[in-house]
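Protein chains in written order, with my numbering: chain Y, 853 to 1063; chain G, 853 to 1063.
Hints in this document: simulated from the structure, not taken from any laboratory. Even for Gly, the Cβ is constructed at its ideal location relative to N, Cα and C. Don't take every hint at face value.
Okay, the calculated bits of chain G under chain Y, using three or more residues with CB under 8 angstroms as the criterion [to be verified]:
(1) 979–986
(2) 1044–1056
Some chain G residues near chain Y, calculated using beta-carbon distances under 10 angstroms [stated by the list, open to error]:
(3) 862
(4) 872
(5) 887
(6) 901
(7) 927
(8) 949
(9) 954
(10) 957
(11) 966
(12) 967
(13) 972
(14) 974
(15) 1007
(16) 1036
Number of protein chains: 2
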Amino acid sequence: MRDHTFSDDFRTQFDLLMRLRRDVRRFRTDPVDEAVLARCLDAFRLAPSVGLSEPWRLIRVTSAPARAAALDNFLAANADALAGYSGDRAQQYGRLKLSGMQDAPVHLAVFCDDATDQGHGLGAATMPEMRRYSVVTAITLFWLALRAEGLGLGWVSILDPDRLTRDLDVPATWRLIGYFCLGWPEETSDTPELERAGWETRRPQLAIETR
Amino acid sequence: MRDHTFSDDFRTQFDLLMRLRRDVRRFRTDPVDEAVLARCLDAFRLAPSVGLSEPWRLIRVTSAPARAAALDNFLAANADALAGYSGDRAQQYGRLKLSGMQDAPVHLAVFCDDATDQGHGLGAATMPEMRRYSVVTAITLFWLALRAEGLGLGWVSILDPDRLTRDLDVPATWRLIGYFCLGWPEETSDTPELERAGWETRRPQLAIETR
């Protein structure tokens, strides 16, 4: 049992942390200190997980062949995505930088073990996707912990997940949640890169309906 | 553009915030100040979302019939879940308190609009589940913001999501991500309730494989 009251100053800083957390695609190539990375990875163990199932599975992608397979996968999926747009939208899409895979010093592939026995299935009977959602909460904490150290994370989802699962030789019961580029960002901002590039704008407020 | 370096003290406090964030099922019935709740809900707008799609959709469940429908839904799903266990495990499951729906002053049902045009599909072609994951990142930020105010959140996933979608009369393209109980926790802790109840223990460390 631990009681604790957080201060107004902490809440202000935490709000700033959320505002400065960005999806980063432009990285410096400087290495990331392993001790800092390890400290940030501890955030995974503090995440909520359905039934305490801790279904996150992490692969650090370091070898040249594994990185090349992931990059090829992205390039193919991105070319397919581009082919799905036309006119101005296609031109705009073609100009976007959607992954930092060629510069980021650290690459992580994060999976969900849908077949884990841990947690004895609690909370995942009617909504088995809760295991995957647990992994996403862990990634979110990790992302904030990285930003608190000045590090950036980029979430690559323009990938064929089944192909990556095969290429990285992980169990077939593992589902890819995301491929992550990690390193020192070239710049910091409180505005999403897609908004700065004119792709989309955020809504001015959160809508809440009542029942 | 905004540069900012977070302090060691902030990082220590942020680590504590993650450690004290719990899935809360035991609430005091005191009301939650609307201004505090609104401040915490702002966290949704700071979440990452694939293609800037902002696919989160929130329903505040306040009416007696809507709350009764959600509670009935939970009770039925929980009875089904209990029937799936046997022996000691069933006894243990039966003793767990798995939702604070009868006490929590604020109830929110959070959905993902899988059909939104916002974001023009960017990043969601090969992994359309990224929209749902975006909603989960927003919930995670909201959860931390609540805890920074001393408030607790409980994520109820023992529900038939399709039934709740119908009962709350939301569009069929909205997928339930979770039903949330929110209020002042009866107690605070740095240990998950399921671990304290002996249901499951967390692994001693995070395993990372390399490829």
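Now the hints, each set against the structure:
Look at the stretch 979–986 of chain G against chain Y: 5 of its residues bring a Cβ nearer than 8 angstroms to a Cβ of that chain, three or more, so the hint holds. Restraint check on the stretch 1044–1056 of chain G versus chain Y: 8 residues with Cβ-Cβ distances below 8 angstroms, three needed, restraint holds. Given hint, residue 862 of chain G at the interface with chain Y, holds; its Cβ is 5 angstroms from that chain's nearest Cβ, closer than 10 angstroms. Against a cut-off of 10 angstroms between C-beta atoms, the interface hint on residue 872 of chain G holds, since the closest Cβ of chain Y lies about 6 angstroms away.
With a cut of 10 angstroms, the hint placing residue 887 of chain G at the interface with chain Y is violated, because the nearest CB-to-CB distance is about 13 angstroms. Restraint check, residue 901 of chain G versus chain Y: the minimum CB separation of about 9 angstroms is within 10 angstroms; hint holds. Checking residue 927 of chain G against chain Y by beta carbon gives a least distance of about 13 angstroms; that is not within 10 angstroms, so the hint is violated. With 10 angstroms as the threshold, the beta carbon of residue 949 of chain G stays out of range of chain Y, its nearest partner Cβ sitting at about 12 angstroms, so the hint is violated.
At about 18 angstroms, the closest approach between the beta carbon of residue 954 of chain G and any beta carbon in chain Y exceeds 10 angstroms, and the interface hint on this residue is violated. Hint on residue 957 of chain G is violated. Least Cβ distance to chain Y is approximately 14 angstroms, over the 10 angstroms limit. Taking 10 angstroms as the C-beta contact cut-off toward chain Y, the hint placing residue 966 of chain G at the interface is violated, the least distance being around 13 angstroms. Nearest Cβ of chain Y to the Cβ of residue 967 of chain G: about 16 angstroms, over the 10 angstroms cut. The hint is violated.
About 7 angstroms separates the beta-carbon of residue 972 of chain G from the nearest beta-carbon of chain Y, less than 10 angstroms, and the hint is met. Satisfaction of the interface hint for residue 974 of chain G is found here, the shortest Cβ-Cβ separation to chain Y being roughly 7 angstroms, below the 10 angstroms cut-off. Evaluation of the residue 1007 of chain G hint against chain Y yields a held restraint, the C-beta minimum of about 7 angstroms falling below 10 angstroms. For residue 1036 of chain G, the suggested interface contact is broken, since its CB lies about 13 angstroms from the closest CB of chain Y, more than 10 angstroms.
Of the hints listed earlier, those the structure fails to meet are numbers 5, 7, 8, 9, 10, 11, 12 and 16, in rising order.
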